[in-house]
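Peer 1: So the chains spell out like this:
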Amino acid sequence: MKWEVVIGLEVHTQLTTQSKIFSPASTAFGAAPNTQTAVVDIALPGALPVMNRAAVDKAIQFGLAIGAKVNRRSVFARKNYFYPDLPKGYQISQFELPVVEGGAITINVDGVDKVINLTRAHLEEDAGKSVHEDFHGHSGIDLNRAGTPLLEIVSEPEMRSAAEAVAYAKALYSLVTWIGICDGNMQEGSFRCDVNVSVRPFGQAEFGTRREIKNLNSFKFIEQAVHAEVRYQIELIEDGGKVQQATVLFNPDTGETRSMRSKEDAHDYRYFPDPDLPPLVIGEDWIERVRSELPELPAAMQARFVSQYGIPAYDASTLTSSKALAGFFEATVAAGADAKLASNWIMGDVSATLNREEKGIEASPVSAVALASLIKRVMDNTINNKTAKDVLKKMWESGATDPSVADAIIERDGLKQESDTGAIEAIVDAVLAANPKAIEEYRSGKEKALNALVGQVMKGSGGKANPAMALELLKKKVG
Amino acid sequence: MTVRTLKALSGLLATGKTSAVELAQDYLTRIDQLNPVLNAFITVDADKTLAEARAADATRAAGNAGLLTGVPIAHKDIFCAEGWKTSCGSKMLDNFVSPYDATVIEKTRAAGLVTLGRLNMDEFAMGSSNENSFYGAVKNPWDLLAVPGGSSGGSAAAVAAGLAPVATGTDTGGSIRQPAAFCGITGIKPTYGIVSRYGMVAFASSLDQGGPLAHTAEDCALMLNVMAGFDERDSTSLEHAKEDYTRDLNQPLAGLRVGLPREYFAEGLAADVAGAIETAIAELKKLGATVVEISLPNTRLAIPSYYVIAPAEASSNLSRFDGVRYGHRAAKFDHLVEQGASPLDAMYMQSRAEGFGDEVKRRILTGAYVLSHGYYDAYYLQAQKIRRIIANDFQAAFAQCDVIAGPVAPNTAWNLGEKNADPVAMYLEDIYTLGVNLAGLPGMSVPVGFGSNGRPVGMQLIGNYFAEARMLNVAHQYQQVTDWHTRAPTL
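Residue numbers (the numbering used here), protein chains in the order written: chain A, 1 to 479; chain B, 1 to 491.
Chain B extracted, bound-state conformation (with noise of 0.2 Å):
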């Protein structure tokens, strides 16, 4: 398989070299093919994706076409889309369809991209592999042995695998950089506040924030131009003026000071991921950067936090689901009753035992506590005292360099299985792409090669508020003169 771009697509369309039903029966094909090897995707509906690609051929047809008009494209289950099941990955959506769109699917109606379907995901988007969905685990298209990365585990693993071109994805700490890394594709999840988080089901409300998986950072650009801009129906969103994504890919580098954080190269981060990532910021120095080493002194701090913080937000987002209005609602639950529970509480407490797996109870439980009369203090104010000290940490470290380098995580992508008895194990495998959603700053993947066992290897990028146009040039100038963005797996 060669790696097709969006921009490639964008090219044959608009030569008339493909239609968007071409494109769109391609894809589809290839899903059929391989999708019950890796289980990327939860929803196919080829009847609405033919449907959408005549659509977008029409409008070609007739002359209103734009840039990506009959690009496909793939959502990851998290986006509210009219019409279409939104799972969230979830036994308790396994019953809901979506009677509106998200403003993120909105504007990619809007620019004519057709949706091959829906993508696999961590339930809730809680997880770092991809296991915890309702719909079983994504293989990781580079190792079958190998987990794809989570929560955007699907949107990966779709992109690598040549099943759509892009993918959104939504990343609360390190969503769409880690699946992006284990994965060998880039990913960037922008600014808190850039993409509409409207119709985006909430998992940690002040963490969570939309971004697109591709392969290339021009890529990214292209649907970062889509995805963002102001949403007055998102109270978050930020009154930030459009902009044009990819206006600095052809920027030179010279001159760039690339901060490398002490803590992000210290122990547990893994010999054949540092190596990697030693080469990649070699590369960039021949492009005429310079480097500084920065600390980030409370990197250690990010993960108490984190996990305090999402948890605390996500027991009173998931309270929703309590099977009253849609979502899963238990059949039975006399046996409660029984037990001395009200009718309406037996209910709320079997339904939601049903339909949420492990970590999320895990997480709701986490959260509950943490909020609860007399240990808020303790916990959810003491994190959010540490989340400001991590942002100003950042802010620190920007007064030295324009954008900061590390790893995505300490190591390349574990094999299925390996880190289910452990969460906290898992959870530390989130150090470095937590305390950027911490502060709200944009993050990358850039994949810069493989591990010692062949899995991919990303580098993490981290620009200041509102420097994701920087950060896609650093990338894109990377990927000028690299290759890893053009290798595919062998499927």
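The following block holds chain A by itself, in its conformation from the complex (with noise of 0.2 Å):
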């Protein structure tokens, strides 16, 4: 049997916030433990929650960002169980009526893009962290997360492949980075997925039952475990077996799911409004402001990119993929270089050495001015192509935040390409008296046969001929 499936996702990101959801605590990650906490977060008798509203800023942003609808009336309410590291016994978070409802994000696989739609996105506060070692058999509980702000962000079941379901976690990462709603930051949980799979036959309208895989927080392990999961159900369905609605997690180092509770034993979480806070109320005053500080979206920037700068549109889309990566490119041709060859620099040298160094275009030892320095030396003919190679390696090297590093290497080390007819001529001449051969093919139409000339003149120059100019007087001669 042909079996499909389907996923849903919902992700945990934290928002960033110099103070907690509930509490003027500071969220700052890496504290010592318990030194950010205030009475609320400790849940000492008598402390009440105050929302914090640049959460709400946040959340705002997220649903004008996606289309969604920003509910003008939302409601927080209480989600009740016992956990050492949840200090009140429940957790505030949004039930009935969250902030942000509907929307989509358009995911791109294989070259086809494909829209998944949303259907919520809520606020919540983060809980602690327990700290299982050095205490002697007890645990430690660490409540410095606690209250955090979170905006939980739930899609429909539309993902059909693990594939799907990383292009969608990348898609949404991409743009809660990018509109700087969440740093982003996936080792210290600030992206946590949690990935509901299902199976079933090819053409069956109804899902399958699902499973939870709880708090995925890489893409790699989001592909390994829905792969894992997936060929679970299908081999116990084709053993005879019944999916059990559960909840799941992913041990990374045997790849394999392991169920942690039943819907059996499923708390009852007893939701209802919290009466210290009363309904967020979202005026549309407060929208318009969040709207008109909200930066422009990958989309728009894609489609400008397009227009102002007439490059391809997979550049574009290449280029928008981070919002640090577009300002370097806009940077970049902001200095005085050509469109295209930024666009051919960034995504072919730059990204290759930056991905080789693991490194991202912030921490990139060549500024997008010193780039631009480097291309408009490209454009005027004073150095080729690879020489410019060359010469953007020893930038990187030494580290390049000045317009003028590229000139003085071009000058320190003789690079300068060699435009003198008489010298380039001498060169030719040689080149041509070894390759009769290759006049002979050039002759005969084969236009090609003198590119390979072309090389030798320049390997004969040491690499600082013109190309062009060499194969002008290579064709002269020859014609």
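Because the hints were derived from the structure by calculation, they are not lab data. One or more of the hints may lead you astray.
[Stated by the list, open to error] Quick list of in silico lysine-lysine cross-link-like pairs, DSBU-like style, CA-CA up to 35 Å:
| no. | chain 1 | residue 1 | chain 2 | residue 2 |
| --- | --- | --- | --- | --- |
| 1 | A | K69 | B | K385 |
| 2 | A | K376 | A | K359 |
| 3 | A | K79 | B | K91 |
[What the hints assert, rightly or not] Far from chain B, by Cβ distances over 12 Å, these chain A residues were calculated:
| no. | residue |
| --- | --- |
| 4 | T17 |
| 5 | S23 |
| 6 | K88 |
| 7 | R270 |
| 8 | L294 |
| 9 | Q302 |
| 10 | A324 |
| 11 | G336 |
| 12 | I361 |
| 13 | K437 |
| 14 | G460 |
Built from N, CA and C at the ideal position, the CB exists for glycine as well.
Put the two chains together into one complex, using the hints given.
Peer 2: Here it is, written out as structure tokens:
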């Protein structure tokens, strides 16, 4: 039987606010345990939550960015359960009325666009952390993270493969980091995915029973976990078993998913509106203010890059994969580089080197203006493309933030392109004399035959000959 | 004993006839003598009290005294106060010393009031007789066989017995008004949102409201001036402009329309209570008020509605008492592990089983039940609908009258132990006070006489939102022509 995979994601994004969602304590990561806790975070008797409006700003930003409905009235509810890292014995979340409803994100898998609809996004507080070492058999609790604002983003079950699930997670990641509501630090848990997976025979309308893989914090794990889960479910059904609704954990070491709790022992969370917090009312003026502060979104920027800079759609799409990359490109062009050349260089050598060094564009040792000054030397024929690659390497090694660095290296290493006809002519003559066969081929109509000779001229000049000029001379002489 | 009002004490301090230290010593001595009988205080700390008193005298010497600087006050053990044990009447918090001040405490400190100690109460403010305290029942100063009312029973008993001139209290379903009535003093529960709940241990967040208990309406007004005010640390606090609650005290009552709810004078109201209330209303008429009969048709529904909503909120509010970070943790819970519980669950279960008393457990169970899957709509949502209907009934009534008057409770104080076996019978005693909390309205209790058993009777005044000044005016004018508020029990 052919099986269809059905996937929906619930993503917890930590919002980049200075203070917690209901308390004045700081959200900064990495402080000594329990030092970033106000009375609310420890849940002292009598402590009361106060909504952090900056967290709401970010939820609105997200809603606007995905074309969703920002609810004018949403309600905070209490989700009741006991756990040591949940000091109040309930989590403040949104249940029946979330702040954001609907919206969509476009993903691209193998060159094909697909729209994934979102169900909702709601504000809630994070829990603390249990610490299981160094306490002589006891567990420790660190409440620094308790009360960190989260936006839980829930998709419709519209993904049909691990690749689509990963593409969705990446697209969402790119969006939330783009608009700056999340710092995207996955190791620190800023972006955590719960993935709901079910399978059904192709053509069947009803969904199969789903299992939820909790807390995946890397794209690689999403892919591996979905594969493992799909394999498990199909094998189970084909062996005559039935999938039971459950929450599971993925173990990256074994590559398997393991059931954490079944539906039978699922909590009754006894949700009810939090009487300590009035409904969150968002007026038109609030939404408009946030809208005016919203950065240009990737899709709009992509279209602008095509029209404004005349670069191909593919380039525009790649360059807008992150806000930092797009900014680097625009800064390079603004500093005088040709747009297509800038695009080629950034998508080519710059990105390749960054990838090799596992760095983001923010960490590039060559600044946009420095890159632009190099590209300008290619544009004005001071150096050829190949030399430019070597210069970039040197700039990379020494670090280049100043626009003068490229010129200084060209000068120091004597890399200026040879455009003196006389000097090149001598090399051309020598090359022609050594390659009678190529001349014959060219004369018999094989235009490309001379290209190989250009390479030899370049070699003979130590890479400094202007390749266009060399080709021209070759043609003239053979012609 | 003669009743000493805040007003009078303020005058003595201002004219140098006494000092804060002297007053504090006076009261501490009286507490020493009478608290063993009354059990109104949970914590007394003379060193702390005298330090505060000395500071108040220093403030006065420096010429910075306010109206109430140096006047003693006692606090219900529900308001977190830095350095003071804040037990909420529970074993669960018997070891909890608050590291921070509630807003109400901050405000009373800022006004220079001197803390005499911490007052007994029903555990987590759940009760109408103050018998549900881990620290034992409080006795009614008028009759040591009687309950003082609850849950602010310690507050009412302390003021009535002259162990404090004024006390703070909280009122979730009548917990200021009913003990004030049972102990023959004056108490006011303001409009919900007027007094900050920050630092006030939560019982039922949407109903809880702090307020003062004192001898007179004037003292209540002075205290409300201290306690009320917008607080950004409480999201349910109202951004209501600061008021002077004494401003209308001396207004004549001519033209005042007093509404008498038919349902408050129906079957179930004891004849002696009814008689005292009717006499008081006749007094108001003499002062120029007119009387209109009104109807609050859903009065009876207040009881089931309240006893769904309050436990629901309480079940969640009390979840934080889990033995993990502070409060009581069971020393042993191995037997539960042997029965199959995880060590963590066993710790939770045993700590909460030991830390909470019966009434608290009863309400946690009720509350968890009405919020659980499949019952939420039938109980919690239904109760919220009734709540709205009750609020609407009051608004309809206020179209016909300025204040509503009636009994605080159907009976005078009952005997200690009398209603313990039947919680529902005790819940029914709250019938006249619950609606005010459900609607978020201000309500107060004014002493208007004594029942046939010699125990005090209180008249309830209910105002529309923010009508505190008007209610206090009515009570104050009444107290100008009567002397019930000046009566003191013989101890």
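Peer 1: Decide, hint by hint, whether the structure agrees.
Peer 2: Status of each hint after checking the structure:
{"no.": "1", "hint": "K69(A) - K385(B)", "in the structure": "28 Å, holds"}
{"no.": "2", "hint": "K376(A) - K359(A)", "in the structure": "25 Å, holds"}
{"no.": "3", "hint": "K79(A) - K91(B)", "in the structure": "26 Å, holds"}
{"no.": "4", "hint": "T17", "in the structure": "17 Å, holds"}
{"no.": "5", "hint": "S23", "in the structure": "10 Å, violated"}
{"no.": "6", "hint": "K88", "in the structure": "5 Å, violated"}
{"no.": "7", "hint": "R270", "in the structure": "4 Å, violated"}
{"no.": "8", "hint": "L294", "in the structure": "27 Å, holds"}
{"no.": "9", "hint": "Q302", "in the structure": "42 Å, holds"}
{"no.": "10", "hint": "A324", "in the structure": "37 Å, holds"}
{"no.": "11", "hint": "G336", "in the structure": "52 Å, holds"}
{"no.": "12", "hint": "I361", "in the structure": "42 Å, holds"}
{"no.": "13", "hint": "K437", "in the structure": "85 Å, holds"}
{"no.": "14", "hint": "G460", "in the structure": "79 Å, holds"}
Of the numbered hints given earlier, the model fails hints 5, 6, 7; all others are met.
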